[in-house]
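By the numbering used here, the letter at position 193 of the sequence shown is numbered 205, and the numbering carries on one by one without gaps.
Calculated directly from the structure, the hints in this document are not laboratory data. Incorrect hints may have been included.
[Claimed, not checked] FRET-style restraints, in silico, Cβ to Cβ:
#1 Arg536 <-> Asp440: 14 to 22 angstroms
#2 Val48 <-> Thr144: 36 to 44 angstroms
#3 Asn594 <-> Gln189: 55 to 63 angstroms
[Claimed, not checked] Dumping the calculated DSSO-like pairs for lysine-lysine here, alpha-carbon to alpha-carbon at most 30 angstroms:
#4 Lys636 <-> Lys254
#5 Lys118 <-> Lys254
#6 Lys27 <-> Lys154
#7 Lys209 <-> Lys466
#8 Lys154 <-> Lys35
#9 Lys622 <-> Lys27
#10 Lys411 <-> Lys427
#11 Lys391 <-> Lys467
#12 Lys581 <-> Lys254
#13 Lys208 <-> Lys466
Here a beta-carbon is modelled for each residue, glycine too, at the ideal position from N, C-alpha and C.
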Amino acid sequence: MQIVTVAPIVRGVLKERLSYFSKEPLEVGMIIVVPVRTREIPAIVLEARMVSDEKSTIKSSEYAIRKITRAHPRRIWTRSFLLAAQKTADFCAQKFGETLLSLTPKAILDAHLEGDLRDLKTDEREREGTHTRLFAIQGDTKTRLEHWERLVRESFARNESIFICLPTEDDVTRIAQKLERGISDYTYALHSGLTKKKLIERWNKILKEQHPILVIGTAQYVSVPRYFKTIVLDEEHIPTWKTMTRPLIDQRIFVEEYARACMSNLIFGAPLLRAETHARLREGQIEEFGRVALRAYTDIQSDVVDPRAEEKSIYDETGKHKFVVLSTPLREVISNATSNNKSVLLVVARKGLSPITSCGDCGALVRCPECDTPLVIHKSKVNSDSHVFVCHSCGFMRKPEDNVHETCPQCGGWKLEGVGVGVDRVEDEIRKSFPSVHIFIIDGDRARTRAQAKKIVAQFEKTPGSVLVATPIAIPLLNTVSHTAIVSIDSLFAIPDIRMPERIFGLVLALREKTTEQLLIQTRADDTTLFTQALTGDLAQFMENELYLRKSFSYPPFGTIIKITLRGKRDEVAGDIERLRNFLNVYDPIISGAMAKEPKNMFRMHVLLKLAEHAWPSTELLNKLRALPPQMVIEVNPNSLL
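I would like the entire structure built from these sequences, with the hints used as guidance.
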């Protein structure tokens, strides 16, 4: 009989490691089914020891060890995969079992547990390489695709398989359509949109195929137990590589660790490589693949416009203040394009009419009574002439007082006005100025799913002379647009995201790729250096500035930030914060911002740890973090500091 220590492969289990008796001999790395309270769950064996060797440990145990009645042992992951998952869990300070669950397609895990997929042999198709080399390429989509096409041809000629890893299902579908030409019999696209039957069918074909293959998929599907001489991590700058729910992991870290464990070559690709990647390029840790472009060239017309100049001119002439939503140059773009049956894309950062409502007398904001987040003005779905206040944080909604007016919650004054520009406000301005133009809208309200957004994009592209007003979520779905404009994204600079300059710069680069004739940026920012660099494609100078700022504040890659979020009742959070501060006192914890209110009378606070470069992962700190209660959410190198 054995005592086995396992890691539960489910979310929400309080303990990371559990121990059981087993009559059946089990080996490390096997997946078994274990009892937890009244249910049975999958778990991976971490240790297996004979009972005869652990008698003293059993006698001194403070709890009774349960028996495994039906283990159903299976082996579904290679050693390389498990090693990479463990290193990812350690770096991101997450539980190993939860990390495995996040990195494995549910359909594949279920199929193994149900016996629909054969077990993996311990020595099957892993660690076939002799060493790992890291490369990077920076260039537009067309340039990178040309490199991937050449890479696939050369790999097949050398009898080598290749995996191209992408962040989203849309990216997988788009790239697969480009690269499968001529090799469709040996190209496999893997993503969450496949049915379980289709996925298992492709999975089995990948395992049986003797010919070199090209697999294009999201990070979860790197778990396919086949050796790839080269792994490409394309679009590596996209934020969606980081998971939004527990376990909070960065899938790029896993892909790199997996390439190292398999001794495969890894290539990073993006129109703008992350600051972390550029720093490693400079240190010689990563080699150039082809060429890391220092400038992105384009022949479209582009310009930056400040509507405040027009507002000043109006005030000088009339003595009245007027907020200009669409500047004269932007109106001319819309007028000229639509009159020539050419389409226009207008990008707005926020949905609704105005992101915030403030009092002109005291400056107070109209906030959500549930979570204290500033309320956003939206058009009523019942009557477009009336407005409602909506909270984008908790979903709270109410009509203004008397269905028309609203008084200041602070001073009772009536001088309330919307501040900023949202999608609905831009739509209203276009309808007033261009009543005959067909307008399409894409935001979180009109397109709640990717399928809905795609449908709107398809209708827009089939309607010449139309205007699409959209948040940035629409940009990846478009093919090309003759005229594009950023109406308002200045509010993004106010978000405490250390990667926001990269995100905005990347957004402008993406628009440049989609635009065939003219791109206009409308901004009220005093410093337009970022926009100018993006429009001229000056990648080198932007990254030089970005790395300088990162180093000044010890942000990644020149340090590591760990954010711990606490949620609960006000008094509980305050007490937990103090205990956490004492527990991590040696690391000089920083309380990030004031206590924020959430729905149902809950509150939230953050604690930040700023570690020196190369100080993470630390075994001592990792053990402390893993000892924290589950209500404390840990995120390593978060985007937002608040």
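message: Just to be careful, I want the Cα atoms of Lys636 and Lys254 compared with a cutoff of 30 angstroms; is the pair within it?
response: holds (23 angstroms)
query: Holds or violated: Lys622 with Lys27, Cα cutoff 30 angstroms?
result: holds (27 angstroms)
- request: Measure nothing beyond the straight line between the CA atoms of Lys391 and Lys467; if it is 30 angstroms or shorter, mark the hint as holding.
  value: Status holds; Cα separation ~23 angstroms.
field: Pairwise hint evaluation, Lys154 against Lys27, where the allowed Cα distance is 30 angstroms at most
entry: Cα-Cα ~48 angstroms, so violated.
- request: For the range 36 to 44 angstroms, tell me whether the beta carbons of Val48 and Thr144 fit it or not.
  value: Holds: the Cβ-Cβ distance is about 38 angstroms, inside 36 to 44 angstroms.
task: Would you check the hint for Lys209 and Lys466, treating anything up to 30 angstroms between C-alpha atoms as holding?
output: holds (25 angstroms)
- prompt: Per the hint of 55 to 63 angstroms, is the separation of the Cβ atoms of Asn594 and Gln189 within bounds?
  reply: holds (56 angstroms)
message: Check whether the Cα positions of Lys154 and Lys35 lie no farther apart than 30 angstroms.
response: violated (58 angstroms)
task: Kindly confirm whether 14 to 22 angstroms is satisfied by the beta carbon distance between Arg536 and Asp440.
output: holds (19 angstroms)
- prompt: Does Lys427 lie within 30 angstroms of Lys411 when you go C-alpha to C-alpha?
  reply: Judged against 30 angstroms, a Cα distance of about 17 angstroms means the pair holds.
task: Would you mind confirming whether the straight-line C-alpha gap from Lys118 to Lys254 stays at or under 30 angstroms?
output: holds (18 angstroms)
message: For Lys208 and Lys466, compute the direct alpha-carbon distance and say whether it is at most 30 angstroms.
response: holds (23 angstroms)
Figure legend: structure checked against the earlier numbered hints; hints not met, in rising order: 6, 8.
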